[in-house]
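Guided by the hints, dock chain B onto chain A, whose structure is given.
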Amino acid sequence: ETGVTQTPRHLVMGMTNKKSLKCEQHLGHNAMYWYKQSAKKPLELMFVYNFKEQTENNSVPSRFSPECPNSSHLFLHLHTLQPEDSALYLCASSQTPWQGTSGRVQTSEQFFGPGTRLTVL
Amino acid sequence: KQEVTQIPAALSVPEGENLVLNCSFTDSAIYNLQWFRQDPGKGLTSLLLIQSSQREQTSGRLNASLDKSSGRSTLYIAASQPGDSATYLCAVRPIYGQNFVFGPGTRLSVLP
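Here the protein sequences come in this chain order: A and B.
Going by this note's numbering, the first sequence wraps up at 130, each residue one higher than the last.
Going by this note's numbering, the second sequence wraps up at 126, each residue one higher than the last.
Hints are computed from structural coordinates only; laboratory data are not their basis.
Take these hints with a grain of salt, some might be off.
Said to hold, decoys possible - Mimicking EDC-like on lysine to aspartate or glutamate, the simulated pairs with C-alpha atoms at most 20 Å apart in a straight line are:
(1) K45/A <-> E17/B
(2) K31/A <-> E53/A
(3) K82/B <-> E70/B
(4) K28/A <-> D94/A
(5) K56/B <-> E53/A
(6) K56/B <-> D98/B
(7) K50/A <-> D53/B
(8) K15/B <-> E53/A
Claimed, not checked - Have a look at the derived ranges for each label pair, beta carbon to beta carbon:
(9) T89/A <-> Q68/B: 39 to 49 Å
(10) Q91/A <-> S83/B: 39 to 49 Å
(11) G112/A <-> S26/B: 44 to 54 Å
(12) G30/B <-> S71/A: 50 to 60 Å
(13) R126/A <-> G30/B: 29 to 39 Å
(14) P92/A <-> Y90/B: 37 to 47 Å
(15) H86/A <-> Q68/B: 33 to 43 Å
(16) I21/B <-> E53/A: 39 to 49 Å
(17) P126/B <-> N67/A: 34 to 44 Å
(18) K50/A <-> N36/B: 13 to 23 Å
All residues carry an ideal CB built from backbone N, CA and C; glycine is no exception.
Extracted from the complex, chain A is given alone in its bound form (with noise of 0.2 Å):
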C-alpha cells in the first residue's frame, strides 16, 4: 500500500461507546496529523506528532485521546463523545522541516488519508 491509509472509513457510535481511529503512512514521513472538518467550518488541525512525541494539541477536549506508537501509525482514541463530534477526521503526515543544503528551511507536501466519517448518536 502507498500513501496514507484509514480505517474505519466510516463509524457510527454512541455517546458512551470506546473506539478508536487508525492511520497508517508508508510515506517515510516523521510527522503526522489529526484534522477535524465539520460541515461548512474549515479544516481544524486537532494534533501534530514529531517523530513520535506530540508538539501541538490544539485545545482539544480530553474525550479525544492521540497516540502515536511510531512515525508510521497514528491513532485516535475516542471516548464519552457527543453529537457536535460528528465530523469527518482526516490524517495527514509531512516531513519536519529541514535544513537544505542552500541553507535555506525545506518543507515537503503534506499527504492526507480518504478520512473516518464519524456519526455520534
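Positioned in the frame of chain A, the structure of chain B alone reads:
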C-alpha cells in the same frame, strides 16, 4: 495568529473557461503554501506546493503563484473540465507557532 481566506466561496463556470481562485493570508512569515482539492466526503489531494522562496509552480493545466509580501496566492486553472469540479483549499505553513492553517475553500462547479 495566522488567518487564511479564500475568494470566491463558490464558483460555477462553463467547461473550457480559464479561471482563477484566490487565497489570502495575514502573516507573510511562512515556510510554504499548498493547494489541495477535495471531492465530496473524501480526503484532500495535494495539487501544488510553493516554497516561500518561490514565485510559482506549475503542474499540467494548473499554475499557482505566490506573492508573500502581499499575502496572496492564486491558483489558475486552464481550460476547465467537469472533472475539475471539487472544493479547492489553500493552506500555509507558518514559521512561528501553528503548523498548518487552512482556508475555508472555494467550491468549484464546471458545467458540461
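Hint-by-hint comparison with the structure:
Distance check on the hinted pair: K45/A and E17/B sit about 17 Å apart at the alpha-carbon level, within 20 Å; holds. Between K31/A and E53/A the alpha-carbon distance is near 18 Å, which keeps this suggested pair within the 20 Å criterion. Taking the CA atoms of K82/B and E70/B, the gap is about 11 Å. The hint holds against a cut of 20 Å. Straight-line distance between C-alpha atoms of K28/A and D94/A comes to about 13 Å, which keeps the hinted pair within the 20 Å bound.
Pair hint K56/B plus E53/A holds up; C-alpha atoms about 16 Å apart against a cutoff of 20 Å. With a C-alpha separation of about 15 Å, the suggested pairing of K56/B with D98/B holds against the 20 Å cut-off. Between K50/A and D53/B the CA atoms are separated by roughly 16 Å; this keeps the pair inside 20 Å, and the hint holds. A distance of roughly 14 Å separates the Cα atoms of K15/B and E53/A; the hinted pair therefore holds under the 20 Å criterion.
A hinted range of 39 to 49 Å for the beta carbons of T89/A and Q68/B is consistent with their spacing of about 46 Å. Judged by the Cβ atoms, the range 39 to 49 Å given for Q91/A and S83/B holds: they are separated by roughly 43 Å. Taking 44 to 54 Å as the suggested C-beta distance range, the pair G112/A and S26/B conforms, at roughly 46 Å. Between G30/B and S71/A the beta carbon distance is about 52 Å. The supplied range of 50 to 60 Å therefore holds.
Taken as a hint, the range 29 to 39 Å holds for the pair R126/A and G30/B, whose Cβ atoms sit roughly 34 Å apart. P92/A and Y90/B have their C-beta atoms about 41 Å apart, which keeps the hinted 37 to 47 Å range intact. A hinted range of 33 to 43 Å holds for the C-beta pair H86/A and Q68/B, which are about 39 Å apart. Against the hinted window of 39 to 49 Å, the Cβ-Cβ separation of I21/B and E53/A comes to about 21 Å, which falls outside the hint.
Distance hint for P126/B and N67/A: a CB-CB separation of about 41 Å, consistent with the stated range 34 to 44 Å. Between K50/A and N36/B, the C-beta spacing of about 20 Å keeps the proposed range 13 to 23 Å intact.
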